[in-house]
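Chemist: Please put together the full structure from these sequences, using the hints given.
Chains as they are written, first to last, in this note's numbering: chain R, 1 to 329; chain W, 1 to 306; chain A, 1 to 324.
Quick caveat, the hints were computed from the structure, so don't treat them as lab data. By construction, the Cβ of each residue, glycine as well, lies at the ideal position given by its N, Cα and C atoms. One should not assume that every hint holds.
Claimed, not checked - With a Cα cut of at most 30 Å, we get these calculated DSS-like pairs of lysine-lysine:
id: 1; chain 1: A; residue 1: K124; chain 2: R; residue 2: K147
id: 2; chain 1: R; residue 1: K60; chain 2: R; residue 2: K123
id: 3; chain 1: W; residue 1: K194; chain 2: R; residue 2: K60
id: 4; chain 1: R; residue 1: K123; chain 2: R; residue 2: K33
id: 5; chain 1: R; residue 1: K127; chain 2: A; residue 2: K230
id: 6; chain 1: R; residue 1: K78; chain 2: R; residue 2: K123
id: 7; chain 1: R; residue 1: K310; chain 2: R; residue 2: K273
id: 8; chain 1: R; residue 1: K33; chain 2: A; residue 2: K221
id: 9; chain 1: R; residue 1: K127; chain 2: R; residue 2: K147
id: 10; chain 1: W; residue 1: K21; chain 2: A; residue 2: K124
id: 11; chain 1: A; residue 1: K221; chain 2: R; residue 2: K123
id: 12; chain 1: R; residue 1: K8; chain 2: R; residue 2: K300
id: 13; chain 1: R; residue 1: K273; chain 2: R; residue 2: K257
id: 14; chain 1: R; residue 1: K273; chain 2: W; residue 2: K193
id: 15; chain 1: A; residue 1: K240; chain 2: R; residue 2: K147
id: 16; chain 1: R; residue 1: K60; chain 2: A; residue 2: K230
id: 17; chain 1: W; residue 1: K193; chain 2: W; residue 2: K123
id: 18; chain 1: R; residue 1: K60; chain 2: A; residue 2: K124
id: 19; chain 1: A; residue 1: K124; chain 2: R; residue 2: K78
id: 20; chain 1: A; residue 1: K221; chain 2: W; residue 2: K194
id: 21; chain 1: R; residue 1: K78; chain 2: A; residue 2: K221
Stated by the list, open to error - According to the in silico footprint, chain W covers these stretches of chain A (three or more CB under 8 Å from chain W):
id: 22; stretch: 138-146
id: 23; stretch: 150-159
id: 24; stretch: 254-262
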Amino acid sequence: MSSLLEVKDLVIKFGLRTGDVTATTGVSFTIEKGEKLGLVGESGAGKSVTGFSIIVLISKPGYVADGHILFKGTDLTKISSEEMRNIRGNRISMIFQDPMMTLNPVLTIGTQMTETLLAHNPKMSMKEASEIALEKLRKVHIPSPEKRLEQYPHEFSGGMRQRIIIAIALITDPEIIIADEPTTALDVTIQAEIMDLISELCETEDMGFILITHDLAVVASVTENIAVMYAGRIVEKGRTRDVIDNPQHPYTKGLIKALPEGAKGSNRLNQIKGMMPTLTNIPDGCAFNPRCPYVMDICKTDEPSLIQVKGMDTQAACFLCKEEVFTNE
Amino acid sequence: MSRHIDNFKQSYLWYAFKRDKVAIASMIVLCILVFTAVFAPLIATYNPYDPINTDVMNSEIPPLWMEGGDSAFLMGTDAQGRDLFSTMVYGMRISLLIGVGAVVLQSVIGITIGLISGYFGGKLDSFFMRMADVQLSFSYLMVAIFFTAILQAAVGVGRFGEIAIPFLILVIGFSQWPQYARTVRASVLAEKKKEYVEAARVTGFGAGRIMWGHIFPNTLSPILVLSTIQVANAVMSEAALSFLGLGMPISRPSLGSLINSGFEYIFSGAWWITIFPGVLLVVLILSINLLGDFLRDVLNPKLYKG
Amino acid sequence: MFAFIIRRFIQAALVIVIISIIAFAIKQNVGDPVRAITGISVSAAEREAMRDQLGLNDPVFIQYLRFSKDALHGDFGNSFFYKKPAVDVILSKAPATIELVFVTSLIVIGLSIPLGVYSAIYPKNLFSRFLMGASIVGVSIPVFLIAIMMIYLFSIKLGWLPSFGRGELVSIGGWDTGMLTLDGWLHLIMPSVALSSIMLPLFIRLIRSEMMEILESEYVKFAWAKGLTKHRVWFVHAFKNTLLTVITVGGVQLGITIAFTILTETVFQWQGLGFLFMEAVERADASLLVAYLMFVGIVMVGVNTIVDIIYGMVNPTVRITGVK
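Modeler: Quick look at the structure:
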């Protein structure tokens, strides 16, 4: 039986005037029904573009150069645009980052909700669609939804808008939800609330959930599995608990140390030295080598591939992990 | 200086320019036209302002290659009997002088008001922007037509001819300041939020120093784009005013007044008096506009719409 | 919404007051009202008496109040050339200009929306590139030159279309219309095409750039992510927002159109307000100039106010809160 979603060796490139720039290389992960996966990385690590590639909606001039995206065995990179349209927003939904920008200012909430249903179910009546919209609004705890359907986005607060966006994402009962930094633009006080809502709904609806974020703490509290991205590559993936408690890749270690609770006794926060390279000047060898505290000669020439860490469920792309394998043998 | 040239050669602007055939062509055409205008006395075969060259006996001679053409007059003569080519060259000189002069004037007014408005905000800002709104809703051409018309009616056509050039610069300049003010204000508002302005203020620099020394240099690219478009607009406005008989007198014609003077003769077949200056005017405006378009695409500033 | 409308009306009234001050200043400085009444064969003493009698020696402010009072009653004095009240002259010429602007607007709106939207959706397509090229050439050719070239081609060379005037008119209750006769329509073609030659490229470029910007917005991206059909995304999500800008800018552009009617009407000797205005300038007919300024001012302010209110009604953000 094929996985709910399997991304295999995904390569995304941006066609610029000066030549192609690679945004992601060899990104692979799978997700099953009811599973929650966190895709973590700094901005520019290629996590958003990976998310958008799943619904085949990368903004130009980006394109999928290589690899497969298998949704229940169907390769989404190969099907027609009309078939894809029927999957997008219907069986795979997406929640965007900034709720203030995501809703169309001149259309009512009702229109923006029902149009999704009607786009995927041409035979459905407006009345049925409105009923479903109401039900979903209740699910995301919007008070007096009947009145709300007639209102425009600017009449809602940011938190409320994000709830509505979640309701829109849920409206067709999708099998996968991709959320791209769903709480970053919100007030700190309601971030947890929204995150809990999404997470709870994914559980009750038994959906696959991909959470794209830079926030390790959120990933730790919500997801079961994690993939850490750096400069367009997955550098470590595994069970969230394992990776957080026992990180293998120096980059992940650095990220965890940089968390406020990682600072423990010391009175200042730790941070990873330097900056992530831009896509146009990724160094030879391991992309992380200029910033890595454990850098070795081989890191500057060869690129490590993702390998199983011995005795663990975790995979990491680091020669250190390989070293251990050698020495133990 | 050579360092600046090297910097420029490495810039994206230069890179994009080299690859854009339309931009290169417009630049070449514009350079030729400006050169011709600046060195008009050397290029023109006659001096159209010299009464010796005005001979009614020579009026409406068709261009050289047509039947009845005279080898002394390449593009024929106008209704006054002046060599059309020379008159056009001098006319373009006046059109460009007024166009550039008006843009210099409006940029000084507009940039100052825009900087003050954007930097200080508050009542002053709303006052200036309200004024800009009102003036824009009348369109610069309407404002210019009206004020020139009134002045001409007040001082009489004869005297108006003497002061036409400075007056046209003044009227066109004043009628177009709102575009500058709004564009500059918008970029000031964007720049003001940035940290370097805060840093400069904390360091204790005065408002004037921050505005001119720090914010202004960062608004240059929208100003450059706008200025290019505005020169085209100013040349066009001058032509429109002169065409209406509100601009340059026929004794010292700009391209617009030449087109106007030739208009009545196209019915009798002397099309060249109108069409040649017309084509020259279009080529001039088009080359400026194409360059402006290129700059806008490359520098991509936020210009104020409307 | 009500407060919003009230505020717009107060603003409009203020602008009209400013225009009236300018109009008054013109009246003070252009032409000689005494000469307008008596001609030149009157002695200096008689003139002075006349000035007193007309109140021309009163303080400026009193004169302005008198001017405003008369203006409110639609009295701007008599046109000394037409020997009729200036307002009557203006009103008799207005239909010609209104018809010209109306047909022009139809051409501009009818063509710019489909062309602008098309070239925004397919920006790289050959036709879109051609449109952009053509539109920049269009903006670069002055209206009067297009008009002249059209006359040269269609009237002089080909003899298809009449080159001046309005042709055969039908009078309906004082409104002389050229839109009920074939001859009238033939006369309308060139002036309206010439006038739209300046607005059309501007509108196409405006709609295109606005729509392209909106197509890049997050909410359009979200609309795609919802799996909507492309027609729904383009024409409901993107176009509706584009329209908002077009409405605002459209109002401002009307001001520009009126300026260009002066040029078009001059070339085609179209007996409308623009033509009348240029005649008044040549004759230094102060009353007529003032009446024209006030008329254009009121039309412009009126249209801008209506446009703002329509914008307010279309844009839900304004509808509730009352602020723009």
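Chemist: Against the 30 Å threshold, does the CA-CA distance of K127/R and K147/R hold or violate the hint?
Modeler: Cα-Cα ~15 Å, so holds.
Chemist: For the stretch 150-159 of chain A, do at least 3 residues have a Cβ located nearer than 8 Å to some Cβ of chain W?
Modeler: holds (count 3)
Chemist: Is the hinted pair K221/A and K194/W satisfied, with a Cα-Cα distance of at most 30 Å?
Modeler: 28 Å, holds
Chemist: Quick one: see if chain W covers the stretch 254-262 of chain A, three-plus residues with Cβ-Cβ under 8 Å.
Modeler: holds (count 6)
Chemist: For a C-alpha distance cap of 30 Å, please report whether K193/W and K123/W respect it.
Modeler: Satisfied, since the Cα-Cα distance of roughly 20 Å is no more than 30 Å.
Chemist: Tell me if the straight-line CA distance from K33/R to K221/A falls inside 30 Å.
Modeler: Roughly 26 Å separates the two Cα atoms, so the pair holds.
Chemist: Are the Cα positions of K194/W and K60/R separated by 30 Å at most?
Modeler: 29 Å, holds
Chemist: Between K124/A and K147/R, does the CA-CA distance stay at or below 30 Å?
Modeler: Violated, at about 44 Å.
Chemist: Between the alpha carbons of K78/R and K123/R, is the straight-line distance 30 Å or under?
Modeler: 27 Å, holds
Chemist: Are the Cα positions of K21/W and K124/A separated by 30 Å at most?
Modeler: 17 Å, holds
Chemist: Can the restraint linking K127/R and K230/A be considered satisfied, given a maximum Cα separation of 30 Å?
Modeler: Judged against 30 Å, a Cα distance of about 24 Å means the pair holds.
Chemist: Quickly compare the C-alpha distance for K78/R and K221/A to 30 Å and report which way the hint goes.
Modeler: 21 Å, holds
In summary, the structure is inconsistent with hints 1, 2 from the numbered list given earlier, while agreeing with the others.
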